[in-house]
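K.L.:
I would like the entire structure built from these sequences, with the hints used as guidance.
Read off the chains here:
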Amino acid sequence: MSELSAALGGAAPSYTLVVDGKTYTMGLITQAAKVAFEKALFNKAREAARMMKEDWGDEYGAKLDELSEKFQEGEFSLEGARGQKSLGKPWGVVMMLSILLGVDQQETMKLMTTHSDELVSLFKLVVKESFPGVKFDEDVEKKVTA
Amino acid sequence: MRVGFVTAKFAALVDKFNLDPTQYAALTDRQLHEVYFHPRTKEGAIELPAAIASPVEDVPQTKDDVLAGLERLKLLLGGMLTEEDYQRAVAEAEAKYGEVPG
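Chains C and Y are the protein sequences, given in the same order.
The first sequence begins at 0 in numbering that gives the first Met the number 0 and counts up by one.
The second sequence begins at 0 in numbering that gives the first Met the number 0 and counts up by one.
Just so you know, these hints were derived from the structure itself, not from any lab.
Beta carbons: idealized from backbone N, C-alpha and C, even for Gly.
Worth double-checking, as some hints may not be accurate.
[Stated by the list, open to error] Coverage of chain C stretches by chain Y, computed from C-beta distances (three or more under 8 Å per stretch; other residues unrestricted):
1) 8-17
2) 93-103
3) 124-130
[Said to hold, decoys possible] Quick list of simulated restraints, FRET-style, between CB atoms:
4) C/Glu106 - Y/Lys41: 49 to 59 Å
5) Y/Ala7 - C/Glu53: 38 to 48 Å
6) C/Gly20 - Y/Leu72: 47 to 57 Å
7) C/Ser4 - Y/Glu70: 31 to 41 Å
8) Y/Glu93 - C/Ser4: 40 to 50 Å
9) Y/Phe4 - C/Glu46: 48 to 58 Å
10) C/Lys109 - Y/Gly43: 46 to 56 Å
11) Y/Ala49 - C/Gly87: 16 to 26 Å
[Claimed, not checked] Short, incomplete list of chain Y residues facing chain C, as computed with Cβ under 8 Å:
12) Val13
13) Tyr23
14) Arg29
15) Gln30
16) His32
17) Leu74
P.N.:
What follows is the structure, encoded as structure tokens:
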């Protein structure tokens with residue numbers, strides 16, 4: 000990654016990965032990508048809550064409101080408690096990769112099973128290029144490749 | 000929802016660069032930190048790395064280097080550099096580097 004590449008950010012051409020003749024592009028973690036991740040995480044929490052709807056009964060609505068409050072407090076953001084925790088888990092990394100690749104999570108997981116080395120290597124580069132002074136957390140890499 | 004540092008940063012960019020939300024959304028944190036909030040001097044000018052600010056300081060020079068540089072400067076500046084100023088600069092270089100093998 001050159002200094003110019005980092006300075007241009009998302010305005011520069013994206014990184015690419017060719018799998019079976021299909022070219023995937025991996026964008027940088029822009030402000031929009033951060034918000035996409037935050038909302039995807041929030042949606043996942045709401046879906047998990049829906050699974051508990053019958054158990055919670057009348058409390059279901061209040062539980063959803065609680066999640067909304069936490070969302071508004073920034074807990075689901077990349078820098079928030081849930082955001083940080085999720086990136087330490089394989090499904091969280093898949094969620095972020097799916098946003099950066101612009102494909103659904105199912106396709107991302109399929110790519111992870113066949114091309115994890117290439118994806119993780121590119122992801123590390125993207126993280127470094129997207130944030131100042133980042134030292135990539137090796138724990139994330141271990142969990143992704145586990 | 001708290002209105003804090005993130006909003007303040009965005010407001011500063013709107014204020015200084017007329018950035019709209021779409022442009023802001025396309026930026027990375029690194030761009031914000033290293034480009035838009037690049038360190039500035041007290042006067043507000045962008046701080047340049049030392050190597051760019053004074054490129055010749057650390058490079059050993061010979062008399063020929065200096066004379067060639069003056070020649071290029073003369074060509075570049077044309078009439079803006081008078082013959083008198085040019086000759087004075089050459090004389091100063093001769094005096095300064097006269098003892099150094101060129």
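K.L.:
Against this structure, judge whether each hint is valid.
P.N.:
Now for the hints, and whether the structure bears them out:
Coverage of the region 8-17 of chain C by chain Y holds [criterion: at least 3 residues with CB-CB distance below 8 Å; count 3]. Under a criterion of three residues with beta carbons nearer than 8 Å to beta carbons of chain Y, the stated coverage of the region 93-103 of chain C fails, only 0 such residues being counted. Taking a C-beta to C-beta cut-off of 8 Å, the region 124-130 of chain C contributes 3 residues in contact with chain Y, enough for the three needed, and the coverage statement holds. Hint check: C/Glu106 to Y/Lys41, Cβ distance near 52 Å, so the stated range 49 to 59 Å holds.
The hinted window of 38 to 48 Å between Y/Ala7 and C/Glu53 holds, with their beta carbons roughly 44 Å apart. With their beta carbons about 56 Å apart, C/Gly20 and Y/Leu72 fall inside the hinted range of 47 to 57 Å. Between C/Ser4 and Y/Glu70 the Cβ separation comes to about 37 Å, which falls inside the hinted range of 31 to 41 Å. Between Y/Glu93 and C/Ser4 the Cβ separation comes to about 45 Å, which falls inside the hinted range of 40 to 50 Å.
Hint check: Y/Phe4 to C/Glu46, Cβ distance near 31 Å, so the stated range 48 to 58 Å is violated. Here the CB-CB span from C/Lys109 to Y/Gly43 is close to 52 Å, well matched to the stated 46 to 56 Å. A hinted range of 16 to 26 Å for the beta carbons of Y/Ala49 and C/Gly87 is inconsistent with their spacing of about 39 Å. Annotation: interface hint on Y/Val13 violated; nearest CB of chain C at approximately 13 Å, more than 8 Å.
Hint status for Y/Tyr23: holds, given a least beta-carbon distance of 6 Å to chain C, under 8 Å. A hinted interface residue such as Y/Arg29 counts as satisfied when its beta carbon comes closer than 8 Å to some beta carbon of chain C; here the least separation is about 5 Å, so the hint holds. Taken as an interface hint, Y/Gln30 checks out: its beta carbon lies about 4 Å from the nearest beta carbon of chain C, inside 8 Å. Interface hint at Y/His32: satisfied, since its Cβ lies 4 Å from the closest Cβ of chain C, which is below the 8 Å cut-off.
Because the smallest distance between the Cβ of Y/Leu74 and any Cβ of chain C comes to about 29 Å, over 8 Å, the interface hint for this residue is violated.
Hint compliance for this structure: hints 2, 9, 11, 12, 17 are broken, all remaining hints hold.
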